[in-house]
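S.K.: Based on the sequences and whatever the hints tell you, model everything.
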Amino acid sequence: MTATPATRLPLVDRKFTFTPDAASREVFHSFSRGLCPQCKKAVDGVRVIRDGKVYLRKQCPAHGASEGLISGDADWFLKSLTYVKEGSRPLEYSTKVERGCPDDCGLCPDHEQHSCLPIIEITNHCNLECPICIVENRHNYNMTREEMGRILDGLVQKEGTLETINLSGGEPTLHPDFFALLDLATAKKQISRVSISTNGLRCATDYAFCEELAKRNVYVSLQLDALSNPALRVLRGAGDQRAAKEKALANLKKAGVRTTIVSTVARGVNDDQIGECVRLLYENDFILSLTFQPAAFTGYGGAHFAPHDPLDVMTIPDVVRAAAEQTGGKLAKSDFLPLPCSHPSCFALTYLLKVDDDFVPFPRFLELDRYLELIANRGTIRPDDQFEEAIRDAIDQMWTSSGQVPDCDRILGVLKRAIFLMYPEDRALELSERLRVGEGLVKTIFIHAFMDVHTFEVDRIKKCCTHYTLPDGRLMPGCAYNNLYRDKDSRFTGEVGKAQIWGAKV
Amino acid sequence: MTARLLADQVALITGAARGLGRELALTFARDGAKIAFTYSKSEEAARTLEAELTVAGRGVLCQKSSVLDADATRSFMRQVEQRLGPIDVLVNNAGVSQNLPLALLEELDFDNVVGPNLKGAYLTAREVLRGMIRRKKGVVLNVGSLAGVRMIEAPIHYCASKAGLVGMTQAMAKEVARHGIRVLCIAPGLLEDGVGRNLPEHRLADYLKHNSLGRVGTFREVAELAAFLVSSKNGYMTGETIVIDGGV
Numbered sequence: 000m001t002a003t004p005a006t007r008l009p010l011v012d013r014k015f016t017f018t019p020d021a022a023s024r025e026v027f028h029s030f031s032r033g034l035c036p037q038c039k040k041a042v043d044g045v046r047v048i049r050d051g052k053v054y055l056r057k058q059c060p061a062h063g064a065s066e067g068l069i070s071g072d073a074d075w076f077l078k079s080l081t082y083v084k085e086g087s088r089p090l091e092y093s094t095k096v097e098r099g100c101p102d103d104c105g106l107c108p109d110h111e112q113h114s115c116l117p118i119i120e121i122t123n124h125c126n127l128e129c130p131i132c133i134v135e136n137r138h139n140y141n142m143t144r145e146e147m148g149r150i151l152d153g154l155v156q157k158e159g160t161l162e163t164i165n166l167s168g169g170e171p172t173l174h175p176d177f178f179a180l181l182d183l184a185t186a187k188k189q190i191s192r193v194s195i196s197t198n199g200l201r202c203a204t205d206y207a208f209c210e211e212l213a214k215r216n217v218y219v220s221l222q223l224d225a226l227s228n229p230a231l232r233v234l235r236g237a238g239d240q241r242a243a244k245e246k247a248l249a250n251l252k253k254a255g256v257r258t259t260i261v262s263t264v265a266r267g268v269n270d271d272q273i274g275e276c277v278r279l280l281y282e283n284d285f286i287l288s289l290t291f292q293p294a295a296f297t298g299y300g301g302a303h304f305a306p307h308d309p310l311d312v313m314t315i316p317d318v319v320r321a322a323a324e325q326t327g328g329k330l331a332k333s334d335f336l337p338l339p340c341s342h343p344s345c346f347a348l349t350y351l352l353k354v355d356d357d358f359v360p361f362p363r364f365l366e367l368d369r370y371l372e373l374i375a376n377r378g379t380i381r382p383d384d385q386f387e388e389a390i391r392d393a394i395d396q397m398w399t400s401s402g403q404v405p406d407c408d409r410i411l412g413v414l415k416r417a418i419f420l421m422y423p424e425d426r427a428l429e430l431s432e433r434l435r436v437g438e439g440l441v442k443t444i445f446i447h448a449f450m451d452v453h454t455f456e457v458d459r460i461k462k463c464c465t466h467y468t469l470p471d472g473r474l475m476p477g478c479a480y481n482n483l484y485r486d487k488d489s490r491f492t493g494e495v496g497k498a499q500i501w502g503a504k505v
Numbered sequence: 000m001t002a003r004l005l006a007d008q009v010a011l012i013t014g015a016a017r018g019l020g021r022e023l024a025l026t027f028a029r030d031g032a033k034i035a036f037t038y039s040k041s042e043e044a045a046r047t048l049e050a051e052l053t054v055a056g057r058g059v060l061c062q063k064s065s066v067l068d069a070d071a072t073r074s075f076m077r078q079v080e081q082r083l084g085p086i087d088v089l090v091n092n093a094g095v096s097q098n099l100p101l102a103l104l105e106e107l108d109f110d111n112v113v114g115p116n117l118k119g120a121y122l123t124a125r126e127v128l129r130g131m132i133r134r135k136k137g138v139v140l141n142v143g144s145l146a147g148v149r150m151i152e153a154p155i156h157y158c159a160s161k162a163g164l165v166g167m168t169q170a171m172a173k174e175v176a177r178h179g180i181r182v183l184c185i186a187p188g189l190l191e192d193g194v195g196r197n198l199p200e201h202r203l204a205d206y207l208k209h210n211s212l213g214r215v216g217t218f219r220e221v222a223e224l225a226a227f228l229v230s231s232k233n234g235y236m237t238g239e240t241i242v243i244d245g246g247v
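Read top to bottom, the protein sequences are chains R and E. Residue 0 is where the first sequence starts when you use numbering that gives the first Met the number 0, and the numbers rise one by one after that. Residue 0 is where the second sequence starts when you use numbering that gives the first Met the number 0, and the numbers rise one by one after that.
None of these hints come from the bench; they were simulated from the model. Ideal Cβ placement from N, Cα and C applies to all residues, glycine included. One thing to keep in mind: the hints can contain errors.
Sample of chain E residues at the chain R side, in silico, Cβ under 10 Å [stated by the list, open to error]:
| id | residue |
| --- | --- |
| 1 | Arg17 |
| 2 | Lys40 |
| 3 | Ser41 |
| 4 | Val54 |
| 5 | Pro100 |
| 6 | Leu101 |
| 7 | Ala102 |
| 8 | Asp108 |
| 9 | Val113 |
| 10 | Leu198 |
To be clear about the criterion: a stretch of chain R counts as covered by chain E if any three or more of its residues have a C-beta under 8 Å from a C-beta of chain E, and this derived list gives those stretches [said to hold, decoys possible]:
| id | region |
| --- | --- |
| 11 | 389–400 |
| 12 | 410–416 |
M.R.: Okay, structure coming up:
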């Protein structure tokens, strides 16, 4: 019996896709469920398309209608919805389904995705008061070793093995027992990578600290929204933060700490610095990846950031467009795709292969189907059978394409060198060594869109894989926690402590 | 007291500083043989092996040379015969591998693997066989691979070179049989720390799934079989390729 070939539908057929580009015309797209920005209760809403963009409009019985921009590019939005992948379930859940999403978090069996990136907030002390901060630091909590141990055990119980966990805060490096907690995490053999999210102030002023991080093979997610003080002051507050960021970068580079740059992008503040961040990624071997986070207005940022218009915020396609415009063709819209395992409105990414002194985005030499398989359920590349198959297909395709792929000879040369480096003739490399070689050859740009009360949608939170871990065993989907649970977390309910101001002796 | 399996034999083993070659040298020495070996790169490992074989109390001689350098092989052979005696056993063990798909496998890569693995074995055997034929005595053991006898996922130049050894073994065995010389080939599957050591984890898992004994082999297991194959106890076997792979 001959199998019927699957029909390949165009992602968006213009004949049947009406995306009005006039501000005055609007088309209904779909129902949704979000939050009332005033009372934060879950309310019904609709997604509508107008002016080439997508908006979420909700109606609260008590507070009336509200609207927020959820995608700055209707075409991107519609295409992204074709990326649907069944999630991987955790091994066990911590809560039951009782009131319905998003009121049962922790995770409940209704959640559609396991924890790809658990975040452990080890302190709520911070030495910055960032106007854009998405959390609400009350300066009154430091995690105990016992709590940390319990969280790590719980994670292993729920996940089995974990590719990455992240220590965050507050500013985690202010924790008085920082290295003891870090060592608890790095000692877990079920956890492959430990990263810390930091504002970089300690890295800038304490080189020995950077060396300790390097010694422990810890990855640093350095918050770096821009390299110009006017933008940094709007986002991060007072002081010469540009000098601090540059010093932090220099120390991390010198110590050989594998670093990710995390840039929060706010419309009209630093959206012109996206190309600059990409340049930093391209020019520095120790920077392995770059994460853009379109600004979400929750926590301290929701209350203190300069008045913003929910109808004119940065979204994933806006970051993509800016990246293409500001990198002179090094990046294009077609280089970015949603991460299928996550909700397509939450994550987009591109992998970049280092070719001599430049980088070539994977989608330029890998067939789309193969590329999608590669990124189907992960944010990082692993040298497994799927990756090997994808690369082999790409090699054969380039080799047989008679130069149709630009730079194919150079790319093939790089892939050959990569094989020699990862599989040398004279000795066997440990997996960790091979991964390290791979890290030098492949970089990643992520775009991770957090939600605030204007953009929050229940279907997105159901597929969230970025989870805050609580000592009571719950894993809280990031945006649900930030918008609905953080202010009720019993760890932080005490009196507000004294802020540890940047530069003051701690 | 039982005579040792290789008592008073002189064995020349190519590429013996590390890996299977090293284990062959140690096992043959344990079984009574005097060992001559060559190596191409690993100076320190060669010195270590030389010292271990010296402590074992039997004669030992080593030389840094490529199996593609016939002049060096000839000169080394003369030294071996002068100092240890006529060569009774030759093991063509030296070999290299590269993990390259066809699209990336260029002519030079092909030559760099097939050269040492196949031409090197031929050049060394040709030199050593001259004396063996004269003496009407000797055994040549070529170290092949499962990749040379089965259709498995491995680089084509490596497979071609190892399959070439199978053919060469048969032809050589036929040609020198009239002088009482035996020629054999041993074809191990994946070995601990062997050429498959750099196999990606998923490929190793797939291999083990199809392996009856469910594990990779050890150098020791192959060396023990090799010692028997080249010994006089195995006097009636020639031209054969013996697979030792745990049942793939």
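S.K.: Hint by hint, say whether it matches the structure.
M.R.: A quick look at each hint next to the structure:
no.	hint	result
1	Arg17	9 Å, holds
2	Lys40	7 Å, holds
3	Ser41	8 Å, holds
4	Val54	26 Å, violated
5	Pro100	6 Å, holds
6	Leu101	8 Å, holds
7	Ala102	4 Å, holds
8	Asp108	9 Å, holds
9	Val113	15 Å, violated
10	Leu198	8 Å, holds
11	389–400	holds (count 6)
12	410–416	holds (count 3)
The structure does not agree with the numbered hints 4 and 9 stated previously, though it agrees with the rest.
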